[in-house]
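Since chain A is already given, all that's left is putting chain B on it; use the hints.
Order-wise, the sequence lines are chains A and B.
Under the working numbering, think of the first position of the first sequence as 199, with each following residue one higher.
Under the working numbering, think of the first position of the second sequence as 467, with each following residue one higher.
Calculated from the structure, these hints are not laboratory results.
Accuracy of the hints is not assured; some may be wrong.
[Claimed, not checked] Heads up, simulated DSS-like pairs for lysine-lysine below, C-alpha to C-alpha not over 27 Å straight-line:
no., chain 1, residue 1, chain 2, residue 2
1, A, Lys244, B, Lys529
2, A, Lys244, B, Lys530
3, A, Lys439, B, Lys530
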Amino acid sequence: MRKLKLSVLVIALFLMFGFNANAQDANTILKNMDDVMYSPKDMTGKTKIILIDKAGKEKTREADIIQKGTDKRIFRFTAPSSQAGIAVLSLPNDVMYLYMPAFGKERRISSSVKSQNFAGTDFSYDDMESKPNSEKYTPKLLETEEGAYVLELTPISKKSSYSKVIMKVHKTHFYPISAEFYDKGNRKIKEGISVYKKIGNYWNAQEMSMTNLKKNHTTRMIMSDVKYDTGLTDDDFTVRKLKQ
Amino acid sequence: MKKINLIFAMVIVLIIGTKFARAQEDGNKLKLSGELLTDQRFLLEDPNDWAWNENRLTLNFEKKITDNSKFYSEVWLRNIGLPNINSSADLYNKGIVDPFNLEIREAYVQLFGFLSKNLDVKIGRQRIVWGTADKLNPTDNLNPYDLEDVLDFGRHRGSDAISLNYYFNSEFSMQGVFIPFFQPANMPIGIFANALTPSMELPQGMTLMGFTDQINMPKYNLGESSTAGLKFKGFAAGFDFSLSYVWGRDGMPIGTYNTFIPVDTIGGININSQLSFYRTHIFGADMAGSIGGVGVWAEAAAFLPKNEVVMTNDLSAMYPLSPMPVTQDTTVLDKDAYVKFVLGADYNFANGTYLNFQYLHGFMNERGNDALNDYFFLRLEKKFFDDKLKIAPIGGGFIVADWEDIENNYALVYVPEISYMATDNAEITLSAAIFDGKGENMFANLKDYNMMMFKLKYSF
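Chain A with its partners taken away, still in its complex shape (with noise of 0.2 Å):
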């Protein structure tokens, strides 16, 4: 009887330490990517934002990004015409503006809108967030591939409209490869793949493509001109300067 309660017992202790052990990788390698996707004290560049239908035929947009720690950020439309100049200041604490030329004046904008595509992307509101993954989702590990680890992320918020992430990371570098997102029903419902190339110390994602499964549209967005750690200050993410 002894035996058998000391067996439960070392087994549950090697469950728990178990567990516990595999949840402190997930986190790690999370936190490892986070630390790899957002050292840069700031970030500006551009980017070319290519639509793709599911009879193959492309529309291009074309914006400039300003960044700055993990949440601020500046987009604005360059291209085509009808968009131009249209901007969005995302702030800490889910505080969003849109800043429409036409209209002359930023306006909130809902965090409802966080589900929703970002101009026409494939791409969410919510995706394009750059809060740290660690503060989105707890991780769990899957496996571990030739190459990279592939986590299970589940989404803190219950208003994320995903209900998982399964993403892949770079074993040595630690930046995501590829991604799939599920919704709430636990059907794949988009699918992402990330090119990083190195620029001076930081690892910089050149090109990043989402695929939606049901409308069968891709969207690729390519960074080009891209400068780190320019000296951006807070200043330059403010409602000042989105109307400038």
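Okay, now just chain B, sitting in the frame of chain A:
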């Protein structure tokens, strides 16, 4: 050798200098953008009269002058209205055969960090947009209303002004605006011409045979015709808010003196009316934020007229034997404050549907506590086919002019809309406007003008 080195160095410097200058020129070159809009409307009722014809070329010029300054202008070149040809002489006038106009909507220079790094200055013709509500902004009173198209809510013209914005930090700022001379609102045109004109009640037995009026403009001096505004803007606890004050004039004229002149012996009269623009204080407040994912906003403006506005009816001509002038005074606007306000909310559903609701107390043309009507506006829209197609099956409003007698004082507006992005830069919109109602309110006045509307907008 030294000489060669020096020449070589100078050539290098020159090349680098030229390239640098070119790069600067590229960044500072004049940018031209704009749009071409054609807006065609016809009445639904047989014989389907044409209700609106507008072909507008908007040209936006923008030039970065230096890193801290820019020039911007918006010009409208339009063919608007239908030819009003009455005689063969009119055929010699191209302005009548093919009516057009040119408008400078905005033309200003903006200086960022002027004198102090926290101060931005804008000088010239400009649109000063105040308020957090969606198009219906009671606090947006610095620029004159552009009421030409009454269905384009919230459209204002630019004012020749100086505007200073001082930023205390990233969250709090103060804006001061000075507009040296008064510009009245321009009134609706075409079939909308009488939409804002209140019906005239005449004493029993009188018939209006003719009407003339005279506008008394404020004198063009700083004291009489200027407008000034001050706004404090901030961000706290997740909400944007502002407090504002305007010392200005109501841009829509109000009748102050009517002269009744009999023209026959059976009660026919002509009326000559004098109208003026009254001075008013306007205290404003607004906020916007998000609660539980729902976007919310509120905006209110308290209008406090400087003086009571009295309308005098001069009936002396009808009583020629009276030794005294026969006049009748009616107070048309008390010196009491009246408050117009908007409460609104919007929500984006996960399936791409967008819902917007606003409750408005007091439309732009309504004045005085007793004249403010209640407006409930709702819009539901959804995008399809990768955002190419947008359908708004629900759009419009319900208006109550008198809660105690709704049956006779209401209006309904239904504006369903469908728009299609034919290319990245070309949008085609087809919509209808259906009006119904009874009593004294703008939308009830339009009940005979149900219309179909077609718009094509091309951006470049």
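The hints, checked one at a time:
Among the hinted pairs, A/Lys244 with B/Lys529 is consistent with the structure: their alpha-carbon atoms are about 21 Å apart, no more than 27 Å. Using a Cα cut-off of 27 Å, the hinted pair A/Lys244 and B/Lys530 holds, with the two alpha carbons roughly 20 Å apart. The hinted pair formed by A/Lys439 and B/Lys530 meets the criterion: a straight-line CA distance of about 15 Å does not exceed 27 Å.
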